[in-house]
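*Asks:* Chains V and Y are the protein sequences, given in the same order. Sequence positions in the first sequence follow this note's numbering and run 1 to 251. Sequence positions in the second sequence follow this note's numbering and run 1 to 358.
In case anyone wonders, no lab produced these hints; they're calculated from the structure. Hints are not guaranteed to be accurate.
[Said to hold, decoys possible] Simulated pairs of lysine-lysine, DSS-like, Cα-Cα distance not exceeding 30 Å:
1. Y/K14 with V/K89
2. V/K89 with Y/K147
3. V/K94 with Y/K14
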Amino acid sequence: MMWGLFKITLGDRFLGSGLGLIWAALSPLMLLGIFCFVFAFVFPGRLPGREGTLPFILWLISGYGPWLSMSEGLSSGTASVVSNSGLIKNISFKSELLPLVGTAIGIIPLLVSFVVLATIQAIGGVAPSPAVLVLPLVVILQLFFIGGLGFFLSALNVFVRDTSLILPSVLTILLFASPIFYPITSYPQALQGVLSFNPFYVLAECYRRPIISGTLPPIWMMAYMGVVAVTTFLAGLAWFRRLKPFFNARM
Amino acid sequence: MFRALRDVNIDVPKGEFVGVLGHNGSGKSTLLRTAGGIYQPDRGLVMIEGSLSGLYELGITGNRELSGRDFARRLLRMNGVKGSRLDELVEDIEDFSELGERFNDPILTYSAGMGARLFFATATAGHYDVYLIDEVLSVGDAHFQAKCWRRIRERIANGASGILVTHDWAAVLKICRTAHLLDHGRISFSGPSEATVRRYLYGDGAQEPFTEGFARIIERPTKVITAPCGEDLSVHMSVRIERPANVSALAVIERLQPGYGWETMLMSPEPVLIGQEPGDYDVAITFPGLPLEPGDYQINVHLVMPDAQDASRRAVLDGFGWLSGNGLPLKAIAGRGPDGYALPVCWKLQMLGEGGEA
Chain V
1 MMWGLFKITL GDRFLGSGLG LIWAALSPLM LLGIFCFVFA FVFPGRLPGR EGTLPFILWL
61 ISGYGPWLSM SEGLSSGTAS VVSNSGLIKN ISFKSELLPL VGTAIGIIPL LVSFVVLATI
121 QAIGGVAPSP AVLVLPLVVI LQLFFIGGLG FFLSALNVFV RDTSLILPSV LTILLFASPI
181 FYPITSYPQA LQGVLSFNPF YVLAECYRRP IISGTLPPIW MMAYMGVVAV TTFLAGLAWF
241 RRLKPFFNAR M
Chain Y
1 MFRALRDVNI DVPKGEFVGV LGHNGSGKST LLRTAGGIYQ PDRGLVMIEG SLSGLYELGI
61 TGNRELSGRD FARRLLRMNG VKGSRLDELV EDIEDFSELG ERFNDPILTY SAGMGARLFF
121 ATATAGHYDV YLIDEVLSVG DAHFQAKCWR RIRERIANGA SGILVTHDWA AVLKICRTAH
181 LLDHGRISFS GPSEATVRRY LYGDGAQEPF TEGFARIIER PTKVITAPCG EDLSVHMSVR
241 IERPANVSAL AVIERLQPGY GWETMLMSPE PVLIGQEPGD YDVAITFPGL PLEPGDYQIN
301 VHLVMPDAQD ASRRAVLDGF GWLSGNGLPL KAIAGRGPDG YALPVCWKLQ MLGEGGEA
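So that you can see chain V by itself, here it is in the shape it has in the complex:
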């Protein structure tokens, strides 16, 4: 069922467009291209201790790709229940699947970023470190975390439709409040402590370390993220189940 819904959601999004499914890869590619261009050439970003454009681009994509994945998962997760009201009203199934499917849609930009990263590394003659083997675990943490938020927001969106309207702005704020386009050291000292507990940053960092420096993410990050992800997931699920009986009154 989950896989079926995934295919349906993905297929429907691009149905009727000329390029169809190609867009699933094309839009993240374009975004990655734009930001790489802007931060590598227009406002050249600096990384402490590293020189050159290529390392910077790698660094950027290894953080921005996961971000794209998370924001995509959040947006489609949030919209998932309302946009599938027809399904909910006519087919008997576990509607909990919908936000999860939305979250899983976010995997696509992530995969695209991984492919881009691997290509750039291959061109630059860099072999990926064995540390990247930890990435599937990070992906799972991300799915639980974003899935939990998806449960929460998709159910909220049924009753407060403003949720999906305000989400893009909130995501933009979050993006700039997370050290993704610039290292955390660019922030004032006082903020760094707080920011380093921002789950979005922690997740991005968990992707970045194995890809860029070939080291495993710090244990505290994984442990912290594990707790946050599971808690968010369970709380979101409880919230969703609490509101679910009232969905049909508003759809």
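With the hints as your guide, set chain Y onto chain V.
*Replies:* Frame of chain V; chain Y shown alone:
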């Protein structure tokens, strides 16, 4: 908190459709969706044996960019159909929906009727054990409706069961043996379909509105009439005309067969005059060579007069019929008459005698 349904108990025997009638907002659709597992009841239990197809709302929900074919495949997949069976059913849907070339066009280019055809064809393709149907049968052109009815009957004949929720009472008579009346979330009446329909149409009184004071039927047969087919049948009654009026009689024999519906079998073409002056009249309605096949029928008789304001209309003075709950049951049995009969059938209403005093 608003309670949509309360104390609703419905049994659906295997191989039968049960009707649920009710006015808008009485909870019919909620009931159906609850039965189908779309809504979770706060209390109570829904038990369904076998595979289920729910036709909760007509028309296509979901992405309207999908082609008819893709829509059909998607809905079937969600109902768990796989592999070669899927292709088989899609072919059946293409054929049944009569969309032809348009089957491969996006649904957004369909008319409402086409969408309805596609939906019905898809939701009833394959043999499900249980069908939950909301209104759906009252759409499409007459040709397609007839096809829908045929398909539903065929499914019932093959042992399928279901619930039909509607305000189309004729549909309930057509396929349901029993029916329930839903009123503000409660079942206010349960019984044979025709009784429930009567109740639905006329409320507790279950009476047709008559224009009173001119004429009434003072004596009529009350027991079931058993008549051999092909032989003459006479039904006797007494009519009292109370005020001078052109009182005529109209007679209809209807077949009301649960599961097959309500058909007019014989009907007087024009009202036949009984009399004008006050008095008691004995009337015999004769059906020469009763042209019916064996079965159960209802005789309905109504006294009418031309409407005072509008001569093209008739005022109904009195009468009996199944709609009022007092039709005259007629049991036609095999007689010595010839097999089959020829139409048109001529029959007559004859005066036997005229009562004396005014």
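*Asks:* It remains to establish, for every hint, whether it holds in the given structure.
*Replies:* A quick look at each hint next to the structure:
no.: 1; hint: Y/K14 with V/K89; in the structure: holds, 26 Å
no.: 2; hint: V/K89 with Y/K147; in the structure: holds, 27 Å
no.: 3; hint: V/K94 with Y/K14; in the structure: holds, 28 Å
Consistency note: the structure conflicts with none of the earlier hints.
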